[in-house]
Amino acid sequence: MSNVVALDHLFDARRLWRGQPQARPPSRQPTGFPLLDTALPSGGWPEGALSEVLLPLDGIGELGLLWPTLARLTQAGGRVALIGPPYLPFPAAWAHAGVRLERLQVVRAEPRDVPWATEQCLRSAACAAVLCWPQQADDRTLRRLQLAAETGQCLGVAMRPASAAVHASPAALRLVLETRPARLRVLKCRGGNPPSQPLPWPLPVGTPETIPDSHVTAVPDRA
Amino acid sequence: MLWACILLPQLALDGVLRRHADPDEPLVLVDGPVQRRVLRAVNAAAKAQGLRAGLPLATAQAICARFATVEHDPAETTRWHDFLAAWAYRYGAQVSRQMPASLLVEVEASFRLFGPWPRMEALLREDLVALGFRHRIALAPNPWAARALAGVHDGLAITHDAPLKQALGQLPVERAGLPPEAADSLRRMGLRRLVQVYALPRAALGRRVGTDTLDQLDRLTGALATPLDCYQPPDHFESRIEFNYEVGATGQLLFPLRRMTGDLAAYLAGRDGGVQRFVLRLEHERGAATEVPVGLLAPERDAGMLFELARGRLDLVQLAAPVRALQLIARELPPFVPAGRDLFDVRPQQAVPWEQLRERLRARLGDEAVHGLSIRADHRPERAWRDHGDSAEAPPLPRPGWLLPRPIPLRERGLRILAGPERVESGWWDGDVRRDYYVVETAAGQRAWAYCPVGEREGFMLHGWFA
Chain A
1 MSNVVALDHL FDARRLWRGQ PQARPPSRQP TGFPLLDTAL PSGGWPEGAL
51 SEVLLPLDGI GELGLLWPTL ARLTQAGGRV ALIGPPYLPF PAAWAHAGVR
101 LERLQVVRAE PRDVPWATEQ CLRSAACAAV LCWPQQADDR TLRRLQLAAE
151 TGQCLGVAMR PASAAVHASP AALRLVLETR PARLRVLKCR GGNPPSQPLP
201 WPLPVGTPET IPDSHVTAVP DRA
Chain B
224 MLWACILLPQ LALDGVLRRH ADPDEPLVLV DGPVQRRVLR AVNAAAKAQG
274 LRAGLPLATA QAICARFATV EHDPAETTRW HDFLAAWAYR YGAQVSRQMP
324 ASLLVEVEAS FRLFGPWPRM EALLREDLVA LGFRHRIALA PNPWAARALA
374 GVHDGLAITH DAPLKQALGQ LPVERAGLPP EAADSLRRMG LRRLVQVYAL
424 PRAALGRRVG TDTLDQLDRL TGALATPLDC YQPPDHFESR IEFNYEVGAT
474 GQLLFPLRRM TGDLAAYLAG RDGGVQRFVL RLEHERGAAT EVPVGLLAPE
524 RDAGMLFELA RGRLDLVQLA APVRALQLIA RELPPFVPAG RDLFDVRPQQ
574 AVPWEQLRER LRARLGDEAV HGLSIRADHR PERAWRDHGD SAEAPPLPRP
624 GWLLPRPIPL RERGLRILAG PERVESGWWD GDVRRDYYVV ETAAGQRAWA
674 YCPVGEREGF MLHGWFA
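Taken in sequence, the protein lines are chains A and B.
Counted the way our numbering counts, the first sequence spans residues 1 to 223.
Counted the way our numbering counts, the second sequence spans residues 224 to 690.
In case anyone wonders, no lab produced these hints; they're calculated from the structure.
Hints should not be assumed to be uniformly reliable.
[As the list claims (entries may be wrong)] Here are some chain A residues the structure puts well away from chain B; computed CB gaps all over 12 Å:
| # | residue |
| --- | --- |
| 1 | Asp8 |
| 2 | Pro34 |
| 3 | Gly43 |
| 4 | Gln135 |
| 5 | Arg140 |
| 6 | Val166 |
| 7 | Ala182 |
| 8 | Asn193 |
[To be verified] Between beta-carbon pairs, the in silico distance windows are:
| # | chain 1 | residue 1 | chain 2 | residue 2 | range |
| --- | --- | --- | --- | --- | --- |
| 9 | B | Glu679 | A | Leu187 | 39 to 47 Å |
| 10 | A | Arg143 | B | Ile286 | 33 to 41 Å |
| 11 | A | Leu187 | B | Glu461 | 53 to 61 Å |
| 12 | A | Ala97 | B | Ala332 | 55 to 63 Å |
| 13 | B | Ala332 | A | Glu102 | 38 to 46 Å |
| 14 | A | Asp8 | B | Gly527 | 53 to 61 Å |
| 15 | A | Val166 | B | Arg606 | 40 to 48 Å |
| 16 | A | Glu110 | B | Arg599 | 22 to 30 Å |
| 17 | B | Glu514 | A | Arg112 | 21 to 29 Å |
| 18 | A | Arg112 | B | Glu461 | 32 to 40 Å |
| 19 | B | Ala332 | A | Glu110 | 24 to 32 Å |
| 20 | A | Leu187 | B | Ala472 | 39 to 47 Å |
All values derive from a computational prediction rather than experimental measurement.
A virtual CB, placed ideally from N, CA and C, is assigned to each residue, including glycine.
Using the sequences provided together with the hints, build the complete structure.
In structure tokens, the structure reads:
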């Protein structure tokens, strides 16, 4: 009755395709939080892509999520641009987080100019990371930003209100911070399924040894 | 020495055409007294309609129904001649614009920099095509021969005396740059080519045509060396375009602006400099001109970048009156050091260096829009923040990541004090500050940096967010 076929035979005859034949190359952009890295399919921020961080409120640790990455990039000589931040970045706290202030550039822009300035910075390849705070960003705008990040091989992060979570987005990674209870949810991650369980927030900070040296990207200084 | 002659057969016309948005429309240059206007030069489209130089304007109007006429302006032509001399200066230290409608450049000294003549000739032609000038080029061991040969040939390159003699011999007598009456009398003697002239006994020839002609014949062969006036590039750049119609929108200025910034870049490359500040002057029919200053943080000379930055500034201008002329003035031309770049630096396409990106952002968002951050040694938070300069030591924590531009009342119930108070007392010398700072948590889970008057625990003012 049952027709037994060797699995190898099927593979050889190309009748059967093995999904994801090799593991994806690990991201060279670890988040600095080993727990989050293991939850993400690439093991870090998606490279050359736009990520979204969705926030219900200000002041719930959203910068803490980014500071390890910004510190790593600026210490390697990369330039980081902040486009249209909602408040003044307080230098003492940024410096304490390890961010090299002289590699940080703040771009003040009217809300309508924020997407434009972000696109310019992402596309230029002059920045290692670009953080933006668009007040209103439609699907088309985000798609442009995603494309610009791909073109410029740049790490792009858009900080948006949590209400945007209900809309689809072309961003490669979408994280939502929640308070009461404080937790971090991965809404979408390209190349894998989002973890079913939310992560605790604030994330436990791992020991530095968990990040291999080879992950530190040296960005040549073009000043 | 080897001299290249760049002959510009329609310099006046090209100067006019290059600023016309559609050079394919029939266009003629006219001059002469009002009663007897004569076509001075015609473009290809006008030629196709049957017009040619030398035709009276009335006749031309009878032949062709519609063509644009532009007044021939000798001063304008001189300016273009100067501009091209400034451009040619990049290819050789000795440039002369002494002879009309031609440029003479000593090129042999530049071969080590630009490569052998065929490659250099290609560079010259490439530039001239990009700038929009028709040209003929010839190379010869002396400038006079180069000029004479360029009048007949295009692309001829002679580096030695023997072939030079032969090429000169084949020149028609009337094309050798001899005084007109001498050329005329030689022609009447039945002499058609220079080889026949050189064959004559010198003394007898001198008695017939005069020493001026003999000198010119000697200059052609190189036997007589006459120094040329060499061109010295000026220390500033000015360019002006007058419109024969009124321009009501800045968008219409973009085409002339692109030409001007391109010219500026060509000029800068010639003197190996950059530009840090320039002014666009928009002249109106009456009233003061609108000045649009374009300032850069560092000298630049890339044509595309200069155009983009000038365009960014121009876009912000609200025109009060129609524009009749556009002028670009650059007086500060500091030395330019190109940004170093790594040979093995892998860069994505469309990559833009940071300096250029920064200027682009500043051009659209405003001069103050892009800035860095640094710490200032002051206990008062609002003064511990500044947007540039050297950083002082960071004060002991806790400090929030976000600072509000000015503190606002924190009207919320259920605040939980997590840390504090930290007393900030400072600035008695310029506006005293005495506050107790707390780290408080709101009911929604936000962590705020807020302060009260000293000794109190209510009336919180929100000053930052721990984000």
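Results for each hint:
1. With a closest Cβ-Cβ approach of about 41 Å to chain B, Asp8 (chain A) is found to remain outside the 12 Å limit, as its non-interface label requires.
2. Even its closest Cβ contact with chain B, about 22 Å, leaves Pro34 (chain A) beyond 12 Å, as expected for a residue assigned away from the interface.
3. The Cβ of Gly43 (chain A) sits about 23 Å from the closest Cβ of chain B, beyond the 12 Å cut-off, so the non-interface label holds.
4. No beta-carbon of chain B comes within 12 Å of the beta-carbon of Gln135 (chain A); the shortest separation is about 16 Å.
5. Even its closest Cβ contact with chain B, about 20 Å, leaves Arg140 (chain A) beyond 12 Å, as expected for a residue assigned away from the interface.
6. At roughly 20 Å from the closest C-beta of chain B, the C-beta of Val166 (chain A) stays outside 12 Å, upholding its exclusion from the interface.
7. With a cut of 12 Å on Cβ distances, Ala182 (chain A) falls inside the contact zone with chain B, its closest approach being about 6 Å.
8. Distance to chain B confirms Asn193 (chain A) as a non-interface residue, since its nearest Cβ pair spans about 28 Å, more than 12 Å.
9. Between Glu679 (chain B) and Leu187 (chain A) the beta carbon distance is about 43 Å. The supplied range of 39 to 47 Å therefore holds.
10. Our hint of 33 to 41 Å for Arg143 (chain A) and Ile286 (chain B) is violated, since their Cβ atoms are close to 57 Å apart.
11. For Leu187 (chain A) and Glu461 (chain B), the Cβ-Cβ distance of about 59 Å falls inside the hinted range of 53 to 61 Å, so the restraint holds.
12. Taking the beta carbon of each, Ala97 (chain A) and Ala332 (chain B) are about 58 Å apart, inside 55 to 63 Å as hinted.
13. Checked against the given bound of 38 to 46 Å, the beta carbons of Ala332 (chain B) and Glu102 (chain A), roughly 44 Å apart, stay inside it.
14. Distance hint for Asp8 (chain A) and Gly527 (chain B): a CB-CB separation of about 59 Å, consistent with the stated range 53 to 61 Å.
15. A beta carbon spacing of about 42 Å between Val166 (chain A) and Arg606 (chain B) agrees with the range 40 to 48 Å that was offered as a hint.
16. Distance hint check for Glu110 (chain A) and Arg599 (chain B): the Cβ-Cβ separation is about 27 Å, which falls inside the suggested range of 22 to 30 Å.
17. Against the hinted window of 21 to 29 Å, the Cβ-Cβ separation of Glu514 (chain B) and Arg112 (chain A) comes to about 27 Å, which satisfies the hint.
18. The hinted window of 32 to 40 Å between Arg112 (chain A) and Glu461 (chain B) holds, with their beta carbons roughly 37 Å apart.
19. The hint said 24 to 32 Å for the Cβ distance between Ala332 (chain B) and Glu110 (chain A), and at roughly 54 Å that hint is violated.
20. Distance hint check: the CB atoms of Leu187 (chain A) and Ala472 (chain B) are about 46 Å apart, consistent with the given range 39 to 47 Å.
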